[in-house]
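A.B. asks: What follows is the residue order along each chain.
2 protein chains.
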Amino acid sequence: MDDDTATEILEATYRALCRHGYADLTLKDIADEADRSKAVIHYYYDSKENLFIEFLDFLYERYTAQLPAVDGGTPREQLDTFLETALTDEGVAPAQEFQTALLEVTAQAPYNDAIRMRLTKFEDIFFERAREIIAAGVETGEFDETVEPAVAAEFLMAAITGAHMRRVASNHSSEGSYEAIAQYAERHLLADELSEATQ
Amino acid sequence: MDDDTATEILEATYRALCRHGYADLTLKDIADEADRSKAVIHYYYDSKENLFIEFLDFLYERYTAQLPAVDGGTPREQLDTFLETALTDEGVAPAQEFQTALLEVTAQAPYNDAIRMRLTKFEDIFFERAREIIAAGVETGEFDETVEPAVAAEFLMAAITGAHMRRVASNHSSEGSYEAIAQYAERHLLADELSEATQ
Chain A
1 MDDDTATEIL EATYRALCRH GYADLTLKDI ADEADRSKAV IHYYYDSKEN LFIEFLDFLY
61 ERYTAQLPAV DGGTPREQLD TFLETALTDE GVAPAQEFQT ALLEVTAQAP YNDAIRMRLT
121 KFEDIFFERA REIIAAGVET GEFDETVEPA VAAEFLMAAI TGAHMRRVAS NHSSEGSYEA
181 IAQYAERHLL ADELSEATQ
Chain B
1 MDDDTATEIL EATYRALCRH GYADLTLKDI ADEADRSKAV IHYYYDSKEN LFIEFLDFLY
61 ERYTAQLPAV DGGTPREQLD TFLETALTDE GVAPAQEFQT ALLEVTAQAP YNDAIRMRLT
121 KFEDIFFERA REIIAAGVET GEFDETVEPA VAAEFLMAAI TGAHMRRVAS NHSSEGSYEA
181 IAQYAERHLL ADELSEATQ
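In the order they appear, the protein sequences are chains A and B. Mapped onto the UniProt record's numbering, the consecutive letters of the first sequence carry residue numbers 1 to 199. Mapped onto the UniProt record's numbering, the consecutive letters of the second sequence carry residue numbers 1 to 199.
Just chain A, with the same shape it has in the complex (with noise of 0.2 Å):
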């Protein structure tokens, strides 16, 4: 298999699923935007499902291979870059047209089972870092030592995906959701002396 067009096919399809959604999208749609034809994506995808569970693995490669970029700093700074790569767009979020997609592929997770392992495996990943990271800051003292890690990990990762859907579903500000979940963070997971000094 030549491993570019398939890639060529794979950032095609972001691209096509940002401009018609997911639940109108066409193998046409996607060869349009790859400038291909239909017989090659074809030749490399059977169907739109097929094409699609690849395409959440390529997603899910592309993102975790970002995610070392998070490491440097202590883990207070580590925590405000994980906020704001997810909740910003001065971060690498996704835009909007693309989590509007991505809710639609979301709302037929408990249809399909591909899918779903799929998406469980991206937010295992995330709650695994936003865990670490919190567990680092518990065993520097930087953040507070009553917090515990997986229940404020869950937390946030609750928040973050409730921002998201807000924000797709009903125009909600994700900058306001920002704000309420670092501020959240500041007071809330810092440890006294560090987050008094913050206020």
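Since the hints were made in silico from the structure, they are not lab data. Heads up, a few of these hints could be off.
[Unchecked claim] The following residues of chain A were derived to be distant from chain B, with all beta-carbon distances above 12 Å:
hint: 1; residue: 4
hint: 2; residue: 32
hint: 3; residue: 115
hint: 4; residue: 164
[Said to hold, decoys possible] With a straight-line Cα cutoff of 20 Å, these simulated EDC-like cross-link-like pairs (lysine to aspartate or glutamate) come out:
hint: 5; chain 1: A; residue 1: 48; chain 2: B; residue 2: 24
hint: 6; chain 1: B; residue 1: 48; chain 2: A; residue 2: 57
hint: 7; chain 1: B; residue 1: 48; chain 2: B; residue 2: 113
hint: 8; chain 1: A; residue 1: 121; chain 2: A; residue 2: 57
hint: 9; chain 1: B; residue 1: 48; chain 2: B; residue 2: 29
hint: 10; chain 1: A; residue 1: 48; chain 2: A; residue 2: 32
Keep in mind that this is a model prediction, so the values were computed, not measured. We treat Cβ as the ideally placed atom computed from N, Cα and C, and that holds for glycine.
Position chain B relative to chain A; hints supplied.
C.D. replies: Chain B only, in chain A's frame:
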């Protein structure tokens, strides 16, 4: 218009939605569930979309009618009831099947102004409820005086929305989310002396 029949059809819509999901739902499914002919359904609602808009208005009336039940007790007790209602099965939280269908509906919101307007109305009333409870608690001194009601309510709404989505799309336990969110409320909203007494 015969209001009883109309209400009966909307109640049948709820059950049909839980059974079939939103994307595949037909007026025939709703007719079958209501034990009526398709012609009767058409007499009241001329399309699936119109029926659905009425259905969302019907849910809105029903939920807002339930809201006063939260009124009794102190702000802290009210917040407990609010979270329990929103997140646990013991509350009147809609069943998993319904939340699954609701996620599909939400995914349509970016493409459908009438649906988006209704979902926003739902969110606004829940947000406002949470904000009021938190503001009352800050007022009475039960909640910490540094808590900003609107910011905390925004955060809670995002976390609750996200918890619902994670439950539906990737089988996260909603009990786990409920515990994380309730723990946040206990630890970070309550005034210090009360919060320490519960640990």
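A.B. asks: All hints, please: hold or fail.
C.D. replies: To see whether the hints hold, each was checked on the structure:
1. 4: 33 Å, holds
2. 32: Per Cβ check, residue 32 of chain A is outside 12 Å of chain B; nearest 20 Å; holds.
3. 115: Contrary to the label, residue 115 of chain A does not stay out of reach of chain B, its closest Cβ about 9 Å off (not over 12 Å).
4. 164: Not fine: 8 Å to the nearest Cβ puts residue 164 of chain A too close to chain B.
5. A:48 / B:24: Since the Cα atoms of residue 48 of chain A and residue 24 of chain B sit roughly 18 Å apart, the hinted pair holds (cutoff 20 Å).
6. B:48 / A:57: 35 Å, violated
7. B:48 / B:113: 15 Å, holds
8. A:121 / A:57: Holds - the C-alpha atoms of residue 57 of chain A and residue 121 of chain A are around 10 Å apart, at most 20 Å.
9. B:48 / B:29: 11 Å, holds
10. A:48 / A:32: 14 Å, holds
Hint compliance for this structure: hints 3, 4 and 6 are not met, and every other hint is.
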